[in-house]
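Protein sequences appear in the order of chains D and V.
Oh and the first sequence: position 434 is 434 in full-length UniProt numbering, straight run, nothing missing.
Oh and the second sequence: position 161 is 161 in full-length UniProt numbering, straight run, nothing missing.
Hints are not guaranteed to be accurate.
One side of the interface only, derived from the structure: several residues of chain D facing chain V at Cβ under 7 Å [what the hints assert, rightly or not]: (1) L21; (2) M32; (3) T49; (4) G52.
Across the chosen pairs, the derived CB separations fall in these ranges [what the hints assert, rightly or not]: (5) V:Q134 x D:L21: 23 to 31 Å; (6) V:M194 x D:G17: 18 to 26 Å; (7) V:D69 x D:P126: 49 to 57 Å; (8) V:D69 x D:G17: 46 to 54 Å; (9) D:S181 x V:G191: 49 to 57 Å; (10) V:M194 x D:Q162: 28 to 36 Å; (11) D:T71 x V:T22: 23 to 31 Å; (12) V:G191 x D:H187: 27 to 35 Å; (13) D:P126 x V:G191: 38 to 46 Å; (14) V:Q134 x D:T130: 54 to 62 Å; (15) D:P82 x V:M194: 19 to 27 Å; (16) D:R155 x V:D69: 46 to 54 Å; (17) V:G191 x D:P82: 13 to 21 Å.
These aren't lab readings, by the way, just hints derived from the structure by calculation.
Here the structure is a predicted model, which means the values were calculated and not measured.
Just so you know, even glycine gets a beta-carbon here, dropped at the ideal spot from N, CA and C.
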Amino acid sequence: MATTSGTTGRSPRTSWGREHLANLYSLFVLSMIMNDAPDESDVLTRALTAVGALGPCRAEAAYLTLDNGLTRTPADWPDATPHLDAQVRRLGGQGGPVTVPDREWGWSLALRSTADAIGHLVVSAPSRPTDDEYFLLRVLAQQTAAALTQAMARRTEHDREQQLRQLSDDRAATNARLTTSVSELEHQRSVHEMLSDASANDDGVQGIAEALHRLTGYPVAIEDRFGNLRAWAGPGRPDPYPKPEATPHEELLQDAARRQRPVRVAEQVIALAQHRGEVLGTVALIDPEAGAGEEERFALDYASTALALELAHLRNLAEVELRLRRELVDDLITGTDDASAYARAAAVGHDLHGPHYLAVVQWTGRPADDTFVQAVGRSAAGLRMRSLLARRSGMAVLVLQGRPQAKALHEAVGRELGSPTGSIGVGGRCDTPSEIPRSFQEALRALEVRQRSQSPHGATTFDELGLYRILGPGGGYREVEQFVREWLGPLLDYDAAHHSDLVQTLSQYFECGGNYDATAAALAIHRSTLRYRLQRIREVSGSDLGAVDSRLNLHVATRVWKVLGG
Amino acid sequence: MHRRTADAPVAAVAHLGGVPLTPGDHICALYRGRAERDQFMTPFLAEGLSAGHICLLLGTEGDGRTFRDVLASHAPAVGRGGNNLQIRGPDEYLRDGTFDGDRTLARLSAWSDEMVPSDDDTCARLAADMSWAQPLVRPAFVQDLVRYEMRATRWLRSYPQVGMCMYDLEMFHSDLIVPLVKAHPKVWLNGMIMENPYFLDPDEETGPPASGET
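Given the sequences, and given the hints that come with them, work out the whole structure.
Below, the structure is given as structure tokens:
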């Protein structure tokens, strides 16, 4: 409707009504704004700042009911005072009058959600507001309460969502840790299975090395206590394998023993195989590029444990077997029944059936300790002699299967010990265990003869003693020597003075049964030379070679002479 | 002159969030944060540029450097706006840091006279970011700003143009928002336009003063 010229403005009532409706409309918009507020504090701030825009009143403070009671919100509202706080608290959740300095009218509007009081909006005015103005305040309070309820619900939902998200994150983290743990356990199980299988399958040290190589992909070296290679798995085995120097190697072992984890040394990661504090050996990953990780180190550590058990087991077996062998040899030497002997020998892997010979070994300057006995055993094994080995009365004793090569054995032991100054005596043949004691005595006799001869370092078999075997056991050595001097003395003196071989010639003459041709051939001399020597023998000895008694005594004497080192 | 008459509906010349706007419309847009502002303002201006309208953005200090890029990203068809897009800063409102509503309206009227002559069928769009007002909010300023907004409604009705004043709810509280809502015929909030038939009519400006403690 157009306004005509000269007409006054709208009636006050119409203007008032429009103003009132405009206020209500603005409250409607404000309600929408508050319902979209981020939090309760924002809601109350918008309510507080709206009071002055709706009428003559002033906002004094706003409060929120929380778990710990009534809380001024926002806390830093400039007109709020502790005195006002106390008044609002005394209202106990209900609306009512409050006293505000220099203001005639003050009121606390309760903010309610259904039956619960959720806060207060405190306003004041210089005079009591009109009913319409108070109505707007009440509408503002109602809309504020509704918005607060929404904000609280959103916050609760947000908190719940956050808790759920946190739970979800925690669960994801737990699952991740579980996945990692399962993966680690799977790997450890794999390590355990492979190494346990290696042990269970009697694959030995080599099996452990191969299993570790398969687990890690790295070449593996297993050494004994002294750095000698015992097993290698994977490519790149050094040939020859380097032998470490004793002192640095010992220092390395001590340093590694002080740590509880595998240690890196140059291009290797090394773990010790220890049993009851004693280092039995080492196992190493060959890792020149330093790529081994935790899984590889775990496998290495576990392998070292398996290796320690394996080495300890092997050592125990060796010790038990050695003890069993020693006890068996002792019993064989002193005499035991055949059935028991065969069974016990079989138990330690030796077939006692068939011909056997006893050998006794002594070496000048070497005590008959375990090292010595083991050296003798290695020498025999090196010659492919199957034997039972023991230590007895300051000597090594071997029960040898088959006729031994006594001279070769002596040479082998000499190489092993680094010295040729030793003596070996070999007894006669034994076809049953019950004959071993006799053979042992024969070996001792042969050893004694060898050690008392002019060539004490060497090997002597009882069979070589000849006629001396009959005389030896019953007679004294001095008497035997006197017998030889009696019959061969002049000839021995002559040979010594003239560097001749009359005694050797006589011995060969008797061994050939007096046959000129055979004797000459054996001595590689001419018949005329032989005839000349025999003539000289008759002259020097003064004996008649044709006389039966002289012939017998001379022959026995040459035999003894030969045994004693001729 | 496209004055509104009670007996004849006017065809829409613009849209805001899908809601049709007619010449002379003055919208109070309430938003939260810069992103939301761009979310409704950019399509509003892009639509105008596509239709050949003259667009004036009274933006913040940085809009002159950045808004054309935002526009090009949102509406590649209009590119960076060309000559039809004019961007000015808060200096349109402030002189020596003081708000002068009369001066601002005089400058805006001059702009309309130049850009939207009566003998031309061109339509204009105005988007005004009012963030500059935040530091000045106090009772006296609120009265001045509300009076300015009421007069702006009259100015917008005098030309074939649509205007949008934008207030960030993260900057302004009810002491300003409530009077603004009362002074605007249309309010945009949460993607909706709400019409207020009981807005304070600028033609009644000489009536009783606005509510509020004086």
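Against the structure, the hints:
The criterion of a C-beta within 7 Å of any C-beta in chain V is met by L21 of chain D, whose closest approach is roughly 4 Å, and the hint holds. Hint status for M32 of chain D relative to chain V: holds, with the closest Cβ pair at about 6 Å, below 7 Å. The restraint placing T49 of chain D at the interface with chain V holds, with a minimum CB-CB distance near 4 Å, inside the 7 Å limit. The beta carbon of G52 of chain D is positioned within 7 Å of a beta carbon in chain V (closest approach about 6 Å), and the interface hint is therefore held.
Range check, Q134 of chain V to L21 of chain D: Cβ separation about 29 Å, and the 23 to 31 Å hint holds. For M194 of chain V and G17 of chain D, the hinted distance range of 18 to 26 Å is satisfied, since their beta carbons lie about 20 Å from each other. Under the hint 49 to 57 Å, the C-beta atoms of D69 of chain V and P126 of chain D, about 53 Å apart, fit the expected range. In this structure, D69 of chain V and G17 of chain D meet the distance hint of 46 to 54 Å, their C-beta atoms being roughly 49 Å apart.
Between S181 of chain D and G191 of chain V the beta carbon distance is about 50 Å. The supplied range of 49 to 57 Å therefore holds. The hinted range of 28 to 36 Å is satisfied by M194 of chain V and Q162 of chain D, whose Cβ atoms lie roughly 34 Å apart. At about 48 Å, the CB distance of T71 of chain D to T22 of chain V disagrees with the hint of 23 to 31 Å. Checked against the hint of 27 to 35 Å, the C-beta distance between G191 of chain V and H187 of chain D comes to roughly 57 Å, which is inconsistent with it.
Distance hint for P126 of chain D and G191 of chain V: a CB-CB separation of about 41 Å, consistent with the stated range 38 to 46 Å. Separated by about 33 Å at the C-beta atoms, Q134 of chain V and T130 of chain D break the suggested range of 54 to 62 Å. Evaluation of the 19 to 27 Å hint for P82 of chain D and M194 of chain V yields a failure: the beta carbon distance comes to about 41 Å. In this structure the hint that R155 of chain D and D69 of chain V lie 46 to 54 Å apart at CB is violated, the actual value being about 37 Å.
Taken as a hint, the range 13 to 21 Å is violated for the pair G191 of chain V and P82 of chain D, whose Cβ atoms sit roughly 43 Å apart.
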